[in-house]
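Asker: Listed below are the residues making up each chain.
Number of protein chains: 4
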Amino acid sequence: RRSGEINNLATVSSSLLPAFGTVIDDGYLQLKRFIIAPYDRRYRQIVIKNRWWQTFLVVLVIYSAWASPFELAFDHVATGSLMPVDLIVDSFFAIDIILTFFVAYLDKSTYLLVDDPKKIALRYATKLWFPMDVASTLPFQVIYRIFTGKLKRGSAFGFLNLLRLWRLRRVSKLFARLEKDTRFSYFGTRFIKLICVTLFIVHSVGCFQYWMAAHYHIKEKTWIGAELGNFEERSIWLGYTYSLYWTITTLTTVGYGDLHAVNTREKIFNIFFMLFNIGLTAYIIGNMTNLIVHSAYRTFVMRDAINQILRYASKNRLPESLKEQMMAHMQLKFKTLELQQDEVFGDLPKAIRSSIGQHLFQRTVEKAYLFKEISEDLIVQLIAEMKAEYFPPKVDIIIQNEIPTDFYIIVSGQVDLLIYKDGTEQFLSKLGPSEMAGEIGVLFNIPQPFTVRSKRLSQVIRISHQHFKQIVQPHVDDGRTIISNFTQYL
Amino acid sequence: RRSGEINNLATVSSSLLPAFGTVIDDGYLQLKRFIIAPYDRRYRQIVIKNRWWQTFLVVLVIYSAWASPFELAFDHVATGSLMPVDLIVDSFFAIDIILTFFVAYLDKSTYLLVDDPKKIALRYATKLWFPMDVASTLPFQVIYRIFTGKLKRGSAFGFLNLLRLWRLRRVSKLFARLEKDTRFSYFGTRFIKLICVTLFIVHSVGCFQYWMAAHYHIKEKTWIGAELGNFEERSIWLGYTYSLYWTITTLTTVGYGDLHAVNTREKIFNIFFMLFNIGLTAYIIGNMTNLIVHSAYRTFVMRDAINQILRYASKNRLPESLKEQMMAHMQLKFKTLELQQDEVFGDLPKAIRSSIGQHLFQRTVEKAYLFKEISEDLIVQLIAEMKAEYFPPKVDIIIQNEIPTDFYIIVSGQVDLLIYKDGTEQFLSKLGPSEMAGEIGVLFNIPQPFTVRSKRLSQVIRISHQHFKQIVQPHVDDGRTIISNFTQYL
Amino acid sequence: RRSGEINNLATVSSSLLPAFGTVIDDGYLQLKRFIIAPYDRRYRQIVIKNRWWQTFLVVLVIYSAWASPFELAFDHVATGSLMPVDLIVDSFFAIDIILTFFVAYLDKSTYLLVDDPKKIALRYATKLWFPMDVASTLPFQVIYRIFTGKLKRGSAFGFLNLLRLWRLRRVSKLFARLEKDTRFSYFGTRFIKLICVTLFIVHSVGCFQYWMAAHYHIKEKTWIGAELGNFEERSIWLGYTYSLYWTITTLTTVGYGDLHAVNTREKIFNIFFMLFNIGLTAYIIGNMTNLIVHSAYRTFVMRDAINQILRYASKNRLPESLKEQMMAHMQLKFKTLELQQDEVFGDLPKAIRSSIGQHLFQRTVEKAYLFKEISEDLIVQLIAEMKAEYFPPKVDIIIQNEIPTDFYIIVSGQVDLLIYKDGTEQFLSKLGPSEMAGEIGVLFNIPQPFTVRSKRLSQVIRISHQHFKQIVQPHVDDGRTIISNFTQYL
Amino acid sequence: RRSGEINNLATVSSSLLPAFGTVIDDGYLQLKRFIIAPYDRRYRQIVIKNRWWQTFLVVLVIYSAWASPFELAFDHVATGSLMPVDLIVDSFFAIDIILTFFVAYLDKSTYLLVDDPKKIALRYATKLWFPMDVASTLPFQVIYRIFTGKLKRGSAFGFLNLLRLWRLRRVSKLFARLEKDTRFSYFGTRFIKLICVTLFIVHSVGCFQYWMAAHYHIKEKTWIGAELGNFEERSIWLGYTYSLYWTITTLTTVGYGDLHAVNTREKIFNIFFMLFNIGLTAYIIGNMTNLIVHSAYRTFVMRDAINQILRYASKNRLPESLKEQMMAHMQLKFKTLELQQDEVFGDLPKAIRSSIGQHLFQRTVEKAYLFKEISEDLIVQLIAEMKAEYFPPKVDIIIQNEIPTDFYIIVSGQVDLLIYKDGTEQFLSKLGPSEMAGEIGVLFNIPQPFTVRSKRLSQVIRISHQHFKQIVQPHVDDGRTIISNFTQYL
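Chains as they are written, first to last, in my numbering: chain A, 1 to 490; chain B, 1 to 490; chain C, 1 to 490; chain D, 1 to 490.
Some hints here could point you the wrong way.
Where chain C lies over chain A, by a calculated footprint (3+ residues, C-beta under 8 angstroms) [to be verified]:
| no. | stretch |
| --- | --- |
| 1 | 131-145 |
| 2 | 249-257 |
Calculated lysine to aspartate or glutamate pairs in the EDC-like style (CA-CA distance at most 20 angstroms, straight line) [said to hold, decoys possible]:
| no. | chain 1 | residue 1 | chain 2 | residue 2 |
| --- | --- | --- | --- | --- |
| 3 | C | LYS367 | C | GLU389 |
| 4 | B | LYS350 | D | ASP377 |
| 5 | C | LYS335 | A | GLU179 |
| 6 | C | LYS350 | A | ASP347 |
| 7 | A | LYS221 | B | ASP258 |
| 8 | A | LYS421 | C | GLU425 |
| 9 | A | LYS350 | B | ASP258 |
| 10 | C | LYS150 | C | ASP86 |
| 11 | D | LYS333 | B | ASP96 |
| 12 | B | LYS335 | A | GLU179 |
| 13 | A | LYS335 | C | GLU389 |
| 14 | D | LYS350 | C | ASP416 |
| 15 | C | LYS421 | D | ASP377 |
| 16 | A | LYS333 | C | GLU179 |
| 17 | A | LYS367 | A | ASP304 |
| 18 | A | LYS421 | C | GLU373 |
| 19 | C | LYS367 | C | ASP347 |
| 20 | A | LYS335 | C | ASP181 |
| 21 | D | LYS335 | B | GLU179 |
| 22 | A | LYS350 | B | GLU385 |
| 23 | C | LYS455 | C | GLU435 |
| 24 | B | LYS333 | A | ASP75 |
In short, the hints are calculated from the structure, not lab data.
Since this is a predicted model, take the numbers as computed values, not measurements.
The C-beta atom is built at its ideal place from N, Cα and C for all residues, glycine as well.
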């Protein structure tokens, strides 16, 4: 069966990311009819619709997360104004349950996409998910009313409604996905998650505390009744404000004491809530610390490097000019950090590195006088060993008399050729883009005859003597072309 | 003496872990009769029984940790309903004291298992452990009653009972062991430990505060009496709830103020308790931060690597296809992190590395046409230098004209041979499992004649040109076989 | 146009730092008349004036940050004693708005300094900045009075005054800049920033709470009115103190309860304030942890290294003298950390490394007998491969019979030549600055004939055998000179 | 002058450490008479006395830190029972001031020990230290009494007494020193420091709050007077307890509210105290986190390494035996971490490494049959390249047919020689201490003829083929001896 092909590829496209979408060849996407692939590039529109649908459901989940505890606390709202909203929301989730029977899934053991409707149904129906999904969707109060004809308010329905909180796992999945998605800031995602968790806890606990007070036999001996007589006859808004206020006062450990647990039942609930708060606070602080430590890392590295250079220079009493060169170099390094090959290239396979090299250097190398009219092969091989480098202005790239270990092609900027004669530096000429520096020393293996100093910020390509020799040696013809290029240039 | 053999080996099997059990040869396990080795594979059943026994004791310790402070606070319980339970628990610990005389121990200086009963007894009896174990097991109240015939309630017995908290060191040992055991999540272990410590502190302090109030001369001038008249005549349950409630209110720094220290004695105790809480809070937050920082580490590394590639690609305006190759590679890298040889192999000795290589690669290598009918020796040597690599789909493995540094055997997946001619890429053939790529360039030391590109996720074995030459050179016969294999293949 | 020259260079001098100022050549600074370069070395005085001006404005911003919320809370102050001060401050910011039209800016996409007045004006006027700057500068109350002739106190003006807080972005920019400036301690900058943020929040929230109380219809049912009757008729000072006191009591989660939210409006505000406090506290703790972790890093590294040596020495029972040598070396290493070449040199280009080497070693090398009268070229090349090292007293630098891998020139301090003969160590001679050790072994490639031991703290230059051979070989003449120098020395 | 000699050496012995004491040669210690060197080995007794003296003073400082704020709060104590104690303590510090004139100091710029009494006096007298030391020692109250003849209690004297807190810098110096001293646990030092700081702050603030209350004009409108009428006539003990209790209630942010700031003056003081507490809490938590993160580091590294191996083994379905070898090896690695050469050797100079090698390996190497009767030189050179390794039981050290890269000398433990013939492993012989394995392959450069497997935990010395060849080649005679040793052995 051909669909096995794409299924196998699905190994790769599982949890992480978009770029892998490219693997799917054109001929392979033939899932059974009506079955939707969870990650599908061909039917891109379906995927996008699916994403909008999921996002829409998350919005409904947020409503449910707010409404369920609220309806527990203020039960006449549940049978009143919020009831039609609840019914509409529930019906959307009912639709989603039905849709789930038509979405292919990825088998974790074989890494194959399963599109057999029976298997999909079997998997969904036999897991805990299905009954929980159904239970969290049924409008128990309405059903009771239909069967008995009576409208009954009661905590039983309130607690049954809490089953809708099962839908929260969608939000938790969403956050897990966002945290791995580099398009969203990790800091932001994490921060919003922490705020959501805190708000949900405050709201739920607040509503539960109100429910406890409302169902205690002596209203005056409750946390709210002691402060606010006849609290049940006041507005919902007032009760809700008091609930949130007290919950947050406890959560943040402010604990003014104007409201406090009065009867034993409340005291016990508060004991567990306060214990839980220790954990929550530690979790929030831990996350914050983690984010701050990570975000400050770069700054510390930069500051340490610069401090080290300053201390080294001052202890060794290096001349000011040398110190400035060192600083200029280090600062340039940190500003062009994202252009540094080494960090990025470390783990890439050779072929990709070669391709990048070709894309970046080929035009410049072909324009260099030394490599005119030499074979394509040789250029490809040379490029694979080239490295890009940046020099800040007024920094020595080559100094006279040093051993020729590298030579350079200037990509942009400008450098000066200088010669040190009779105790003074004399200016010889300046070199611009596509011109070469240090090639004389390398070709004849003699100490570099000139000092080369950057005149402004220059980007150069560096080729090491050793690699150059090694690569050119087997190509006798090209070697001759290079020598003749060089003599012509002179 | 032969038992010296296993003793010496015990050097290794000390604190860490199960795998080392395998070292013990069959003939060696001859400890003296009735003496039980602490880590013993032969008498596996005894060990398992011992483990069950220890686990059972930990459960009893938890009871003791709860009961001791509780009986101090509510002393009529200690002589009432809890007394028989205490006696039973104590008797189990008495049994354990006796058993300890029959468990061999590991001498820390010589690393030998000591199974001489006299030495075991001497060591146990002369250390602090033995008297403490005995003191924490004696039922002082019962003894007093037997001797005097009177049932006396009193704080003296309550404080003597606190000696049983000595048993807690078993729990602390258990946690120290669990933290090093990789079968249990570090996060979970640490988390449960923190909760246990917090609960124990809350319970103990709560009971002690109640004891203080119950023994203060003016009941109305105590933290509980000021709120709850005649608190001693109310139910134990109410008193216990108040105690825990106030303790936690203080511990979490909520401090409502409905209950607060009234007399000087309570104030002083609270001063020390609050000071201690600073430390406890800092300890909990510190641990949480540590766990979060560690668990987020991987995510940060992945996100940073991907961000770096994205930035590098966009700054250098790399073509989209190249960027996708880079991303695909990086993502594959993080998904197959546990399959990467380098990280695991770093510290292993050569012989183990060879064995792993043989187990993983031998079958594939023997099937490769180039290595048919060559000697076992050579294959072993070649395998020692091979490396496994994964390529995501559509990534170049070899590009035409590059210097032949490696060649590849395909393990799974599929790659295409392509040739770039007259400005267009032409498809030559495709290669599947056990076929080779890049061997032509390596054998004749010429630039690679083809581009090799993965068609889907492919697992390949890489052998470097250099190692191949070095290993094959001394084997003249095998060298010829390889060449003839190659010519046959063509 | 020549001014393009400096503009291009401005690429470098953007955000980081002073050292880059040196790049600007003398001929290039020709911005249009009246236009001020933001970073300008030539017109240094203007830059300095600009800096003073900016600093002066930051001081005014601090006043505004204090005054705006204060005038909201105590509105008769706004029309009273503070009004003239406000007008003066506003006028300074009005001047700054005008000046902004004359400061060149750096185009982010082209990295060019734009000095065209039209472009500057266009950019400033079309961004959000300009209307916000103007709105935050207009003295609305005075304008209203001029137009209507009436002096009206009112919260509307108070809220309009809060627009002046827009000026705070100057302070935030200042801190962002200071954090990257190595001349200021990161710890200090961060610490002051945290204090400023906290103080500003306390002040603003305090003033807002007072405003809420002052504008509530029943004065007795406000947080302050419940405690302090007729609070509006008391002194401003008393009200301000109460406001700050309550705010901080809440912020720090102390929450005594003597003051607490009374009406619903206050409760709701407090809910948000307390939620915000969780974040603020976590942020402060996270920053503190980050700073402490970073500052303790060095100490941990040192302690770990020393502990490792101590444990290694004691486990292997190394003789005391050897252990002391190891310790002495390790301690010296940590004391001279800033003198270690490796850490600093890692990223510097070769030419800078050579220059540093020349500056540090040239004089010493030229004085060494072996290198007398040899060519400048050779010395430059040798120096590029030299390394500085420090030896604590009584440590072996070379031991007899070892393979000659390096030889040394003593820079300062003193070393002893020892020979081990007939089982005892015999003292041969001592070497001081500019003398050489180990050169005999290297020149003739024989095992070192002497042990060389430092007599006191010595600084030496090390040259490796391999580099020495490699460099000297091509210089036949100099090679002869070296040999003749050596024979003469003997 | 000869004393310049030791002075110069003092460069090294400055702040860190004992081991450097050894540098001081016998002839050099001639400081001027009566002048005491701060770090002095010769006059060890004086140093020890000096250390006892310093420790004794620290104890007195602790008393002063307690007494100064206490006497401010309860001023009749200052003129009563504590006065004689204060006078005695002050006199000891007066003695210390005089002694300071006789202690040589280390000039920071020249790193010379200065023993000239005039210079010592000048330096001490001209710095801030001297007047502060004197001011913190003068018993102002006594002086006043002597001059005026009246005993005057007053806050002025209380505040003057606070000058004695200047002595606290001794404690801060002590902690700075202890933190760098590896003999003390960093965790412990830091922990005690935090506790001391917290206690001192609590005590000082508590006393100051009492002083504020005692000096307020309406006693009933103070934090303590509102709760405890006539508080000044009650016992000092009660007042002190209330002060500490309230301070800690605020510091820990519990804030019951039973005691709280009443008048404006107290409110303002509390504002600053609470702000300060944010910083203190963050500092304590930050430190705790730092210590926990550092102490958990090792455990994380071990767990990660083991998890990686387990995952690698299970994903690649490695046979159980191989997995156990890997685990055994990894566990051994973590248990012998302090015996690993690499970590310790990294930074040590070659000569020290050689010495350690000689001390550890020489006896074993000389006993190995191959190296009998070869020259001392050669053995020294071989040892410099040897490495110690540990093998857990049943791990392959060499496997048959592998390329001979190393050979081994067994130090302790036992290994088996095995040969794989006709499909089964056959046992050949076993090797014990001082016997060699793998030398046949290395000497004749043929694939290893045998598998070598450890039978129990074995410690071996490894020499690489390459180093062996390189070192032995130039020693023709020794080479012959080795060959003849080998033939004899066969």
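Asker: Work down the list of hints and note, for each, if the structure agrees.
Answerer: Hints, verified against the model:
| no. | hint | verdict |
| --- | --- | --- |
| 1 | 131-145 | violated (count 0) |
| 2 | 249-257 | holds (count 8) |
| 3 | C:LYS367 with C:GLU389 | holds (18 angstroms) |
| 4 | B:LYS350 with D:ASP377 | violated (30 angstroms) |
| 5 | C:LYS335 with A:GLU179 | violated (43 angstroms) |
| 6 | C:LYS350 with A:ASP347 | violated (26 angstroms) |
| 7 | A:LYS221 with B:ASP258 | holds (14 angstroms) |
| 8 | A:LYS421 with C:GLU425 | violated (52 angstroms) |
| 9 | A:LYS350 with B:ASP258 | violated (72 angstroms) |
| 10 | C:LYS150 with C:ASP86 | holds (19 angstroms) |
| 11 | D:LYS333 with B:ASP96 | violated (35 angstroms) |
| 12 | B:LYS335 with A:GLU179 | holds (16 angstroms) |
| 13 | A:LYS335 with C:GLU389 | violated (32 angstroms) |
| 14 | D:LYS350 with C:ASP416 | holds (17 angstroms) |
| 15 | C:LYS421 with D:ASP377 | holds (13 angstroms) |
| 16 | A:LYS333 with C:GLU179 | holds (18 angstroms) |
| 17 | A:LYS367 with A:ASP304 | violated (41 angstroms) |
| 18 | A:LYS421 with C:GLU373 | holds (19 angstroms) |
| 19 | C:LYS367 with C:ASP347 | violated (30 angstroms) |
| 20 | A:LYS335 with C:ASP181 | holds (14 angstroms) |
| 21 | D:LYS335 with B:GLU179 | holds (16 angstroms) |
| 22 | A:LYS350 with B:GLU385 | holds (18 angstroms) |
| 23 | C:LYS455 with C:GLU435 | holds (14 angstroms) |
| 24 | B:LYS333 with A:ASP75 | violated (54 angstroms) |
Hints 1, 4, 5, 6, 8, 9, 11, 13, 17, 19 and 24, counting from the list given before, are not met by this structure.
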